[in-house]
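Visitor: Here's the letter readout for the chains.
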Amino acid sequence: MTEPAFSLRASGRLRRRQLVNKAMGVLAIGAALLAVAVLAIVVISVATRGAGALNLDFFTKSQAQGFNPKGGGVLFAIVGSAILVGIATLIALPLGVLVAIYVSELAQPRLARIARMALDITNGIPTIVIGMFVFTMLVAAHGQSAFAGSIALAIIMLPLVARATEEVLLLVPPSQREASLALGVSRWRTTVQVVIPSAMGGILTGTTLAIARAAGETAPLLFLTSLGVSSHADWNPFHPLQSLTLVIFSYSDQADPAYQSKAWAAAFTLMCFVLFTSLAAKLALARYRKKLGG
Amino acid sequence: MADSHAEKESALERTRGRLDRIGDPALKAITFGAAALAVGILVVIAYELATGSRLAFRKFGLHFLVSQAWSVNLNQFGALSLIYGTAVTAVLAILIATPLAIAIALFLTELAPKPVRALLGALVEMLAAIPSVILGLWGILVLGPFVQNQLEPFLSSTLGFLPFFRGAHYPTGILTAVLVLTIMVVPIVASVTRELFTTAPPELREGALALGATRWEMVRGVLLPAARPGIFAAVALGFGRAVGEAIAVTQVIGSQIGIHLSLFGHSDTLASRIAGQYQGASTNLQISSLVYLATILLVISLAVNIGAQLLIKPIDMRPRRRRIALDRAFEAQGLSAD
Chain A
428 MTEPAFSLRA
438 SGRLRRRQLV
448 NKAMGVLAIG
458 AALLAVAVLA
468 IVVISVATRG
478 AGALNLDFFT
488 KSQAQGFNPK
498 GGGVLFAIVG
508 SAILVGIATL
518 IALPLGVLVA
528 IYVSELAQPR
538 LARIARMALD
548 ITNGIPTIVI
558 GMFVFTMLVA
568 AHGQSAFAGS
578 IALAIIMLPL
588 VARATEEVLL
598 LVPPSQREAS
608 LALGVSRWRT
618 TVQVVIPSAM
628 GGILTGTTLA
638 IARAAGETAP
648 LLFLTSLGVS
658 SHADWNPFHP
668 LQSLTLVIFS
678 YSDQADPAYQ
688 SKAWAAAFTL
698 MCFVLFTSLA
708 AKLALARYRK
718 KLGG
Chain G
115 MADSHAEKES
125 ALERTRGRLD
135 RIGDPALKAI
145 TFGAAALAVG
155 ILVVIAYELA
165 TGSRLAFRKF
175 GLHFLVSQAW
185 SVNLNQFGAL
195 SLIYGTAVTA
205 VLAILIATPL
215 AIAIALFLTE
225 LAPKPVRALL
235 GALVEMLAAI
245 PSVILGLWGI
255 LVLGPFVQNQ
265 LEPFLSSTLG
275 FLPFFRGAHY
285 PTGILTAVLV
295 LTIMVVPIVA
305 SVTRELFTTA
315 PPELREGALA
325 LGATRWEMVR
335 GVLLPAARPG
345 IFAAVALGFG
355 RAVGEAIAVT
365 QVIGSQIGIH
375 LSLFGHSDTL
385 ASRIAGQYQG
395 ASTNLQISSL
405 VYLATILLVI
415 SLAVNIGAQL
425 LIKPIDMRPR
435 RRRIALDRAF
445 EAQGLSAD
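Protein chains in written order, with the numbering used here: chain A, 428 to 721; chain G, 115 to 452.
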């Protein structure tokens with residue numbers, strides 16, 4: 428074997444280039460680790476403080492009145508959140524699906540582009556602005572109500588549901604539509620009985636993601652529904668109901684540690700709900716995409 | 115027999131015809147109505163906010179934008195210090211978040227092994243899913259004390275010669291708000307940037323690597339320039355989010371009117387002032403001034419979002435662009451294409 432004429436080890440300029448390359452790789456890994464670390468710190472600090480403050484009373488009782496912040500729980504805030512988000516879903520789901528059908532199945536490209544752009548712009552409006560809008564439109568004249576809060580949440584959910592639905596409608600194989608149309612089935616029947624059922628899984632997971640997002644919203648509810656924590660049961664959506672996010676918000680700047688621990692417990696409950704539903708929905712969506720995408 | 119067959123068919127034809135004569139246009143009309151509603155909401159929002167802020171607009175006009183006053187007793191309201199607070203917090207958050215987010219996106223698309231990619235991507239998205247009120251609660255009770263007792267003393271002892279790092283240390287203030295906003299913005303910018311990198315045409319990478327570029331030279335010389343418009347759009351979206359965030363900022367910024375250079379002091383933003391003041395709003399003029407703030411926010415968010423949408427396009431691979439991209443790959447190595 429002869430010695431190579433020159434050394435194969437990098438030197439000089441090449442060596443520097445390789446060093447820079449390595450350094451940048453390390454920086455990228457560092458950034459990714461930092462993001463994960465922040466997530467871990469937030470989740471762990473909410474979990475440790477929140478889980479300790481959780482007990483059966485927290486879920487089954489209402490806030491104790493008077494000067495005893497220790498007792499009771501947030502039952503009616505949980506009920507209120509469920510009603511707020513439930514009504515918002517009842518409004519946003521059908522509307523969003525209809526908009527998506529129009530945009531992806533029926534509209535001329537130019538109109539579809541306008542509608543899509545409007546959805547994206549709505550998605551970008553700060554939620555506090557949407558809350559302010561519903562306030563000037565409804566609450567200023569008719570007073571606070573959970574219904575007003577639901578309208579605000581529905582405006583936030585609409586673009587999410589519509590865009591998610593549009594995405595799965597595009598995934599439905601054209602051959603399904605063509606087969607149906609070729610059999611002489613009319614357009615609307617094809618849409619309602621072939622395309623929508625085929626896309627249903629995707630629509631529902633997209634809606635679940637929107638629900639997870641709406642359940643965590645605070646800003647749009649601030650002046651629309653009740654900030655206080657009342658002790659009596661109320662199911663009427665036309666009354667100002669409490670919500671879990673507003674409880675966290677109003678307890679978070681209380682000096683009394685008893686309120687703070689309630690805020691942590693509520694935050695832990697909400698975080699579990701939001702993270703589990705959005706994670707489950709994302710997994711389902713990925714599986715569904717694979718199924719349709721072949 | 116032929117007759118009955120024809121009869122049956124025509125019967126079918128008739129019922130189907132009747133239903134479908136209504137069905138097709140009906141579906142089109144209903145879905146069009148829904149789409150029109152989705153577009154109409156935007157118009158109604160703009161109209162309602164404009165009418166709601168009329169009272170304040172009549173009284174203060176555009177002077178509102180350059181006035182620092184915010185006093186219920188004197189009936190004087192102005193947005194200048196809030197605009198300043200919004201700009202400082204959002205710009206600083208974006209400045210910290212953008213390099214971090216791009217680095218995360220690069221790690222996820224270029225460096226990480228496949229299984230790690232999916233897991234880390236999901237974790238970064240989880241960070242985006244955490245409700246802002248929870249981040250705010252964490253911001254006051256966990257991050258705040260850390261900022262007050264560790265971060266701010268450290269900054270003032272090392273960088274205290276700058277006016278930005280002087281003054282008393284508080285758990286709440288601009289610095290805490292910037293950190294919380296950074297945590298919110300990073301996942302947004304990272305996920306859009308990651309999408310850009312994954313959908314970049316493979317010949318971009320292959321061309322640069324085949325020319326002998328190191329991975330970093332490929333990224334710097336080819337991938338980043340090609341993705342630049344998209345990255346701008348991602349940053350714009352993140353900026354819009356930071357500007358509009360109300361709850362978490364209200365919780366950690368300390369709600370104070372005034373313009374000062376120190377990042378340790380309290381401040382307030384457009385969104386956090388609305389969120390913080392609303393419950394106690396007592397006069398019509400104050401409410402109208404808050405709606406005025408919301409109108410300013412709406413204008414900013416429209417500008418940012420429309421701008422971002424015009425920018426956001428998949429990486430363009432027309433031949434001329436490809437040549438430029440490859441030229442850059444040469445330049446990155448100090449070689450010339452000619």
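Don't read these hints as lab results, they were simulated from the structure. Where a beta carbon is used, it is the ideal one built from N, C-alpha and C, also for glycine. Take the hints with a grain of salt, since some may be wrong.
[As the list claims (entries may be wrong)] Cβ-to-Cβ under 7 Å is the rule here; a few derived chain A residues that face chain G:
| id | residue |
| --- | --- |
| 1 | Ala462 |
| 2 | Ser472 |
| 3 | Ala474 |
| 4 | Asp547 |
| 5 | Ile555 |
| 6 | Val556 |
| 7 | Phe560 |
| 8 | Ala694 |
Visitor: Can we keep the isoleucine 555 of chain A interface hint, with Cβ of chain G closer than 7 Å?
Guide: holds, 4 Å
Visitor: Against chain G, run the beta carbon of phenylalanine 560 of chain A and see if the smallest gap drops under 7 Å.
Guide: Given a least distance of 5 Å, the restraint on phenylalanine 560 of chain A holds.
Visitor: Any CB of chain G closer than 7 Å to the CB of alanine 694 of chain A?
Guide: holds, 5 Å
Visitor: Would you settle whether the hint for aspartate 547 of chain A is holds or violated, based on the nearest Cβ-Cβ distance to chain G being less than 7 Å?
Guide: Since the shortest Cβ distance to chain G is 6 Å, the answer is holds.
Visitor: Classify the hint on serine 472 of chain A as holds or violated, based on whether any CB of chain G lies nearer than 7 Å to its CB.
Guide: Serine 472 of chain A check passes; min Cβ-Cβ to chain G is 5 Å, inside 7 Å.
Visitor: Answer holds if the nearest beta-carbon of chain G is closer than 7 Å to that of alanine 474 of chain A; otherwise answer violated.
Guide: violated, 11 Å
Visitor: Do the numbers back the hint for valine 556 of chain A, that is, is its least Cβ distance to chain G under 7 Å?
Guide: holds, 5 Å
Visitor: Can the hint on alanine 462 of chain A be confirmed by a CB-to-CB distance to chain G that is less than 7 Å?
Guide: Alanine 462 of chain A check passes; min Cβ-Cβ to chain G is 6 Å, inside 7 Å.
Of the numbered hints stated above, the single one contradicted by the structure is hint 3.
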